[in-house]
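Whole structure, please, built from the sequences with the hints as guidance.
Protein chains: 2
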Amino acid sequence: MEFSKKDFNEWYNEVVEKSGLVDKRYPVKGMNVWLPYGWAIARRIDELLRELMFSFNHEEVYFPLLIPKDQFAKEEEHIRGFGGEVFWVEKGGDSPLDIPLALRPTSETAMYPLFSLWIRTHGDLPLKIFQIVNVFRYETKQTRVFLRVREIHFFEAHTCHRSYEEAENQIKEDREIWKIFCDRLALPYILNKRPDWDKFAGADYTIAADTIMPSGRPLQIGTMHNYRQNFSRAYNIMFLDENGNRDYVHQTTFGISERVIGAIVGVHGDDRGLILPPDIAPYQVVIIPIVGEDKERIIEESKRLFLEIGGKYRVKLDDRDNYTPGYKFYDWELRGVPLRIELGPRDLKNNVLTVARRDTLERITVPRDRCIEEIGKILHDIQENLKKRAWNNMEDLVERAESLEEIAKSQKVNLIHWCGSEECARRIDQETGKNVLGIPIERDGTPGRCAVCGKETKNICYVGKSY
Amino acid sequence: MEFSKKDFNEWYNEVVEKSGLVDKRYPVKGMNVWLPYGWAIARRIDELLRELMFSFNHEEVYFPLLIPKDQFAKEEEHIRGFGGEVFWVEKGGDSPLDIPLALRPTSETAMYPLFSLWIRTHGDLPLKIFQIVNVFRYETKQTRVFLRVREIHFFEAHTCHRSYEEAENQIKEDREIWKIFCDRLALPYILNKRPDWDKFAGADYTIAADTIMPSGRPLQIGTMHNYRQNFSRAYNIMFLDENGNRDYVHQTTFGISERVIGAIVGVHGDDRGLILPPDIAPYQVVIIPIVGEDKERIIEESKRLFLEIGGKYRVKLDDRDNYTPGYKFYDWELRGVPLRIELGPRDLKNNVLTVARRDTLERITVPRDRCIEEIGKILHDIQENLKKRAWNNMEDLVERAESLEEIAKSQKVNLIHWCGSEECARRIDQETGKNVLGIPIERDGTPGRCAVCGKETKNICYVGKSY
Numbered sequence: 033m034e035f036s037k038k039d040f041n042e043w044y045n046e047v048v049e050k051s052g053l054v055d056k057r058y059p060v061k062g063m064n065v066w067l068p069y070g071w072a073i074a075r076r077i078d079e080l081l082r083e084l085m086f087s088f089n090h091e092e093v094y095f096p097l098l099i100p101k102d103q104f105a106k107e108e109e110h111i112r113g114f115g116g117e118v119f120w121v122e123k124g125g126d127s128p129l130d131i132p133l134a135l136r137p138t139s140e141t142a143m144y145p146l147f148s149l150w151i152r153t154h155g156d157l158p159l160k161i162f163q164i165v166n167v168f169r170y171e172t173k174q175t176r177v178f179l180r181v182r183e184i185h186f187f188e189a190h191t192c193h194r195s196y197e198e199a200e201n202q203i204k205e206d207r208e209i210w211k212i213f214c215d216r217l218a219l220p221y222i223l224n225k226r227p228d229w230d231k232f233a234g235a236d237y238t239i240a241a242d243t244i245m246p247s248g249r250p251l252q253i254g255t256m257h258n259y260r261q262n263f264s265r266a267y268n269i270m271f272l273d274e275n276g277n278r279d280y281v282h283q284t285t286f287g288i289s290e291r292v293i294g295a296i297v298g299v300h301g302d303d304r305g306l307i308l309p310p311d312i313a314p315y316q317v318v319i320i321p322i323v324g325e326d327k328e329r330i331i332e333e334s335k336r337l338f339l340e341i342g343g344k345y346r347v348k349l350d351d352r353d354n355y356t357p358g359y360k361f362y363d364w365e366l367r368g369v370p371l372r373i374e375l376g377p378r379d380l381k382n383n384v385l386t387v388a389r390r391d392t393l394e395r396i397t398v399p400r401d402r403c404i405e406e407i408g409k410i411l412h413d414i415q416e417n418l419k420k421r422a423w424n425n426m427e428d429l430v431e432r433a434e435s436l437e438e439i440a441k442s443q444k445v446n447l448i449h450w451c452g453s454e455e456c457a458r459r460i461d462q463e464t465g466k467n468v469l470g471i472p473i474e475r476d477g478t479p480g481r482c483a484v485c486g487k488e489t490k491n492i493c494y495v496g497k498s499y
Numbered sequence: 033m034e035f036s037k038k039d040f041n042e043w044y045n046e047v048v049e050k051s052g053l054v055d056k057r058y059p060v061k062g063m064n065v066w067l068p069y070g071w072a073i074a075r076r077i078d079e080l081l082r083e084l085m086f087s088f089n090h091e092e093v094y095f096p097l098l099i100p101k102d103q104f105a106k107e108e109e110h111i112r113g114f115g116g117e118v119f120w121v122e123k124g125g126d127s128p129l130d131i132p133l134a135l136r137p138t139s140e141t142a143m144y145p146l147f148s149l150w151i152r153t154h155g156d157l158p159l160k161i162f163q164i165v166n167v168f169r170y171e172t173k174q175t176r177v178f179l180r181v182r183e184i185h186f187f188e189a190h191t192c193h194r195s196y197e198e199a200e201n202q203i204k205e206d207r208e209i210w211k212i213f214c215d216r217l218a219l220p221y222i223l224n225k226r227p228d229w230d231k232f233a234g235a236d237y238t239i240a241a242d243t244i245m246p247s248g249r250p251l252q253i254g255t256m257h258n259y260r261q262n263f264s265r266a267y268n269i270m271f272l273d274e275n276g277n278r279d280y281v282h283q284t285t286f287g288i289s290e291r292v293i294g295a296i297v298g299v300h301g302d303d304r305g306l307i308l309p310p311d312i313a314p315y316q317v318v319i320i321p322i323v324g325e326d327k328e329r330i331i332e333e334s335k336r337l338f339l340e341i342g343g344k345y346r347v348k349l350d351d352r353d354n355y356t357p358g359y360k361f362y363d364w365e366l367r368g369v370p371l372r373i374e375l376g377p378r379d380l381k382n383n384v385l386t387v388a389r390r391d392t393l394e395r396i397t398v399p400r401d402r403c404i405e406e407i408g409k410i411l412h413d414i415q416e417n418l419k420k421r422a423w424n425n426m427e428d429l430v431e432r433a434e435s436l437e438e439i440a441k442s443q444k445v446n447l448i449h450w451c452g453s454e455e456c457a458r459r460i461d462q463e464t465g466k467n468v469l470g471i472p473i474e475r476d477g478t479p480g481r482c483a484v485c486g487k488e489t490k491n492i493c494y495v496g497k498s499y
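As given, the protein sequences belong to chains D and V, one line each in that order.
Remember, the numbering used here sits 32 above the position in the first sequence when you count from 1.
Remember, the numbering used here sits 32 above the position in the second sequence when you count from 1.
Don't read these hints as lab results, they were simulated from the structure.
Incorrect hints may have been included.
Stated by the list, open to error - Capping the alpha-carbon separation at 30 angstroms, the derived lysine-lysine pairs in BS3-like fashion look like this:
no.	chain 1	residue 1	chain 2	residue 2
1	D	K160	V	K335
2	D	K106	V	K56
3	V	K61	D	K123
4	V	K56	D	K123
5	D	K348	V	K211
6	D	K160	D	K106
7	D	K123	V	K123
8	V	K123	D	K56
9	D	K409	V	K344
10	D	K61	V	K101
As structure tokens, this is what we get:
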């Protein structure tokens, strides 16, 4: 690696390319080619989400990419919020289409006309579905791999309920799922209720999960929205209750994008490259034979080891002939494989394995005959260590601030008191370049004074220069 | 089911909707909503393909959806072949784009500019990648679920080689993969080398796999193309060989679309609905408790059975309270679950299970304590039986013909002698509505006379009214 993580932007660009996650040379701005290694990570995360959602009784569907303009425009706030960043198809072959078709920027307007056909009575509720698709946004700002792209790999869950309370319970369930999910990715986060002017277009409220990148900038990596009846009124999604009354359903959504991969890169990586949490690493272990005088035997023993532990873990045997062990160490460290096993003549003689942890760079000697169990323990320990380290690092990236000057001066995210007014939020934005992330929902405020206007308040909030 | 399979078109439409595969009410022609059950089948087939491709050393990638017009137009025949059916994006938000972007109808033109960057020397070859994506074609003909749609779920493998011989070997490997794949789907097929005027736009030659639907119409369900150097010349994909000479790579592709699902529906189904081959059925077994006097015990035993066999097979326990066993039988037969287990008081008493096969509708009594093994055997037998039955049925859907009159009269696919001329092929099309599928590559011809011009020839070929 050419750049140190201290030069975060340069380091980030270098690591996503050199580690083989994406190729940025595709000739459309903000659209990158997922290379096999990057795509393998994305697919592991997708499968993890599927498993989780199925266990919480969601079903998977796939809705078409293209949304007719009239359907797209039915919910007023939604079209106002998204209209400016939609790619439009207006021609098929050489013929103009009857009606322009939007490339989905998100799928409310594709799904909800069908929901109004699917839902008849309370017996059809709750409806809990999700899909994993790509969404498209015509970004005019500078693009950056995983963090701001125009074709976005995206998970979206949509639910319909009989009442506001049931929708609220769904949001609680989403938070539960989110916690399990982030633990598997070893990612720390803060749940913030976004201010009204920053909520999802059409939502009643938005809870966002923000992590903090080593640059000191917050990154939104997940969102949960309660729509109340805003969309169901626009799309006429009604149900008949037990008493024969008709009412509009209450709706929620839950969204996660490929930004989590950007977060994994940024939060866990180091000057040698990626560090992948074992739960989502395409390879958890790489075996590198150190061939010396007894080459054949070492290769043979490496294959035996591969077959033995390959049934239990995701293992790569790197027996490439034309590369030195040193090069292979460098290569797999760059790609963030959590555990490296070196197998050389001395290891064979002593009936041990030499194991190197990617997170701490420690080398550990493990008895050959207990290796399956020991590898399991170390992988578990790496997962836990990455998580703890990331949570600690995030805490260090937050700084208390009492005034606009302190906010402006700080390179970190600031925890401030805020009276809650849009005016004070706007002043923060204008005078510091940072934005209000909203009220943290898992943390109570103590009395204090608004960092802008000085008014007494119990509201605390995070502010930062969001990606 | 309202329609019998004898009324094939109506039956097909009814079964795809009633069995919960798709919802056709999405408001864009030829774009359907994949419902959970249909999507589960598609995903199982995708996973099967992934497994197969990985085992043959392909890697999975994901290329962007949108292709700039200048890239798209580089290979002349290709743009001539596909240009008329491309959806074009020409606007982002309210602004016209600098260059129109095509929604991929297939990904040669997205991939190959990058291939020319990736490949430098013979050490980079062979390059073997695939992706599973949706492609888009602006169909002007009548659309039909799975068979002719505008958003197509699609598998495409792309390879680059040093020589024509290596490319030919790749096509042989594709045929090997294709055979394994079709066996898992229990689908019969004929491999036909398409006539030149019907090959893939830009290919040197095309081998298509055609199956025959019960309507007597052939359905193309897979294709393998040898491109020679046609695309590598247009996209400048060159490599340096061992002797320091530069040459263009030889390329092949291999494509499979969601049409295979249409084939599974049409080829295997019956008047009760779908029949799914066990290898790709989302549920291989459904357990239906027949509750009588001893309800609690039956439910408890059903759950025990579910836990026991659920570790080994994909099993659904249908313990819905508000439906009769009769309704559940009907429902799961419609959805094509290969094996139904009925568990009632008498079964409990006799320590047996009553098992019903979806393919033959036979009911079999199985000892409770050997059920895991017996279920495995029966599922295997269903898979084999479906395959054999489908191959036999396909044979019955082919009829030998000696003249244009016989071709025109026949409701089936015809096996004819054909001199190989485009003129005779055009006459078949004009006078019978059938098209020449090309020369079968796994079947030798015997001498005979062209069904059109009477010229002596050893060429045999299939003709039919293709979907």
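Against which earlier hints does the structure fall short, listed by number upward? none
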